[in-house]
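**Student:** Chain A is already provided as a structure; the job is to place chain B on it using the hints.
2 protein chains.
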Amino acid sequence: MTASNPAKPVKRSAYVPSLELVRDVRAGGVLAIARMISRAEAGYAEASEALAQIYKHTGKAHIVGITGVPGAGKSTLVSALIKAFASDGSKVGVVAVDPSSPFSGGAILGDRVRMNDAAESCQAFIRSMATRGHLGGLARSTLQAVDILDAAGYSPIIIETVGVGQDEVEVVTAAHTIVVLSAPGLGDDIQAIKAGILEIADIHAVSKCDKPEAAATISALKGMMALGTAKTDSAWNPPVLPVSSVSGERIGDLKDAIGRHWVHLRESGELADRQRGICKTRILGTARHLFQQKFNDEAGEVEKHIQAVVNRDMDPTVAARLLLGWDNEVRPR
Amino acid sequence: MTASNPAKPVKRSAYVPSLELVRDVRAGGVLAIARMISRAEAGYAEASEALAQIYKHTGKAHIVGITGVPGAGKSTLVSALIKAFASDGSKVGVVAVDPSSPFSGGAILGDRVRMNDAAESCQAFIRSMATRGHLGGLARSTLQAVDILDAAGYSPIIIETVGVGQDEVEVVTAAHTIVVLSAPGLGDDIQAIKAGILEIADIHAVSKCDKPEAAATISALKGMMALGTAKTDSAWNPPVLPVSSVSGERIGDLKDAIGRHWVHLRESGELADRQRGICKTRILGTARHLFQQKFNDEAGEVEKHIQAVVNRDMDPTVAARLLLGWDNEVRPR
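So the sequences go chain by chain: A and B. Just so we're aligned, residue 1 is where the first sequence starts under full-length UniProt numbering, counting upward by one. Just so we're aligned, residue 1 is where the second sequence starts under full-length UniProt numbering, counting upward by one.
By construction, these hints were calculated from the structure, which means they are not laboratory data. Any given hint could be a false lead.
Copies of the same chain look alike in the list, so a pair counts if it works inside one copy or between any two.
[Claimed, not checked] Here are the computed lysine-lysine pairs in the BS3-like style, where the Cα-Cα straight-line distance is at most 30 Å:
no., residue 1, residue 2
1, 304, 294
2, 91, 280
3, 56, 294
4, 304, 60
5, 56, 304
6, 60, 91
Looking at chain A on its own, in the form it has when it is part of the complex:
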C-alpha cells in the first residue's frame, strides 16, 4: 500500500506513531490527547496497542458520573463544577456523551475538541463523543477517552451522560461517584425512577434550587430513600443537595460531597469492590462490542452463515460458534 492509495489517504506529515503519542499523552500534551481519543473513537486497529499501553498508567483519577434526564441542566452544572474544582488547582477532564449537550456541538466530526469559557480559563479538557454510528461501541470508546485523560494526569474526570439507554447506563456505572441530577417540575423524578437511574446515585443533586418547586422534588427524593430504594450495601448515605448552577449557589457543597465520597470509597475499602465491578462490566461490554463489530465487518461471511441457517444446512448454534471462531469446521451433514 502506498501513500497515494486513493482509498485510504494518509497525511504523512500529520501522522504521529502510536507509541510517540502515548508518551505525549502522558506528558499532558493537549493535541496528543485529542488525537488519541479520535483514534480510539474511530476504532483504528493501530490504536489498540497504544490504548493497552495507556491503560497501564490509569487508575489514579477520580471518575465522576453526572447523569439525569434531558433538560435537568447537566451541562450547566458541569461548567459550574469545572470552575469549582479548578479553583482548588485540579486539572479537570470532561467526557460528554449527551447528544443534547452543548459540548457535543462538534462531536459529529469526531475529531474536534471544544473548550468553552470555563474550560479555557481553567485548563480543563472537554471532549464530547459522537453518539452516532457507534453500533454499541459508545460505552467502550467513552471509557477509553476517560483512560486517556486519566493517564494524562486529569482528576477528577467527569462523564456527562443522559441517563437513558443501555449504553449510557453502562458508561455512568463505570464512574466511582455517580451524581444524579433532578430538576424540579419536569416530572423527571418519575422518568428517572423508570429508567432506574435514581437507585445508582451516590449523590442526588436538585437543580434550579431557587425555584419554589425544588422543595417538593427534594422531599420526594428523601422520601424515596427512606423507602429503601437507595443503595443499602454501604455505610454511605446518598445526600440530597440543592444546587443552582446559574448563580453558582451551593456548587461548593456538591463539590465537597463528591470529594467526601471519594475519601469514603478509599477509607472503607469499597473502592476495591467498585473497581472490580467496573472492570467486569467493561470486559463484558467490550466482548459484546467486539462480536458485534465482527458481525458487521465480515458481512459476507455472516451472510453465508445466515443463508446456511435459512437453508437448514446448519442450526443457529453451529453458526454462532463458527462466527465466534469457536469451531473451525461444519459438522458432516
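**Tutor:** Relative to the frame of chain A, chain B by itself:
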C-alpha cells in the same frame, strides 16, 4: 463418571440416547418431545448434536407469536385459538414464556408438561418455559422448543409471551405472524406503545370486545395506524380485530386473519425476507448467550482476567479477546 456420582445423578433406566430421541420426536412421540425440550432447556451438551439434527427438519410450521401486556387475556385467547385451529384438524403446538401464564404453573421444575382441557381434547402440545435462571438463554431455548415441535409436525405453533423485556421481544419477533393483544381500559395501549410492541403487530386483537370500552381501544389502534406507526414496508395492512375469548365470539375471524397473513407472506415473497431476519436474530442472540454462558461457566478464568484488568496488567480489550478465545497469549508487557 459413574451412575453413582452424587453431583450428577443419572437415571440410567430413563435415559434415551439423543439420536433415538430425534427419531421419536419426528414420529410425533409426545414423551420424546417433552424430553427433548427439557434437555434443550437444561442446556445439556449432548443435546446440541440432537438439536442440530432436529433443525434440519424444521421450516414447515407456521409460527404465530401472541403478545400483550399482563392482564390482556393472552392465555385465554390461546386456549380459544387452540380449539379453533384444532377444529380444522390442525396439530397445534404452544410454547408459553409468560411467567404470569397459568400454563407456566409447572414450568419451574423445567420438565413438566401440562395439558389443559383444550389441549387434551384437541391433541395440542403445550409447553411452558421456566423464566428463571436462564441468564439470557430464554430466547434460545424457547426457539429450540419451537424447532422441536416444528420437526414433530405441529403447525401452527403459538408462542405466547408477555411483551416486555428484551428476551421476550426477541422471542416474538422470531414468529412469522405477530398478534398483539390489547385489552380495553387497562391503560395498556400506552404501555404497549412504550414497550414498542404495537409497531411489530401483523394483527391487532382487542380482547373483551363485549365491554363498552373496547370501541375506544379499537379506534385508538386504528388512529395510530393511520399515523403511520404501523409497518409500512409491506402490502399487508394489520387488521384490528375485536375478540371475546370467553364467549368465543369472533375467534374464528382472528384464526382466519392469521391464516390469511400466512398466505400473504408466502405469495408476496415476504416470507423469505422474514426467514432471513429471524435466522440473523437467532444467530446473534445465540452468540451473545454462548459468550455469557462461557463467562459464567469459567468463573475462575474470568476472575483471573478481571483481576488482571484491575491490576492494570492488561486492558479490557485484551481481556475480552482472550476470553473470547480470539487471542491465545498476553502481549509482553
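**Student:** Which numbered conditions among the earlier hints are violated in the structure presented, ordered from lowest to highest?
**Tutor:** none
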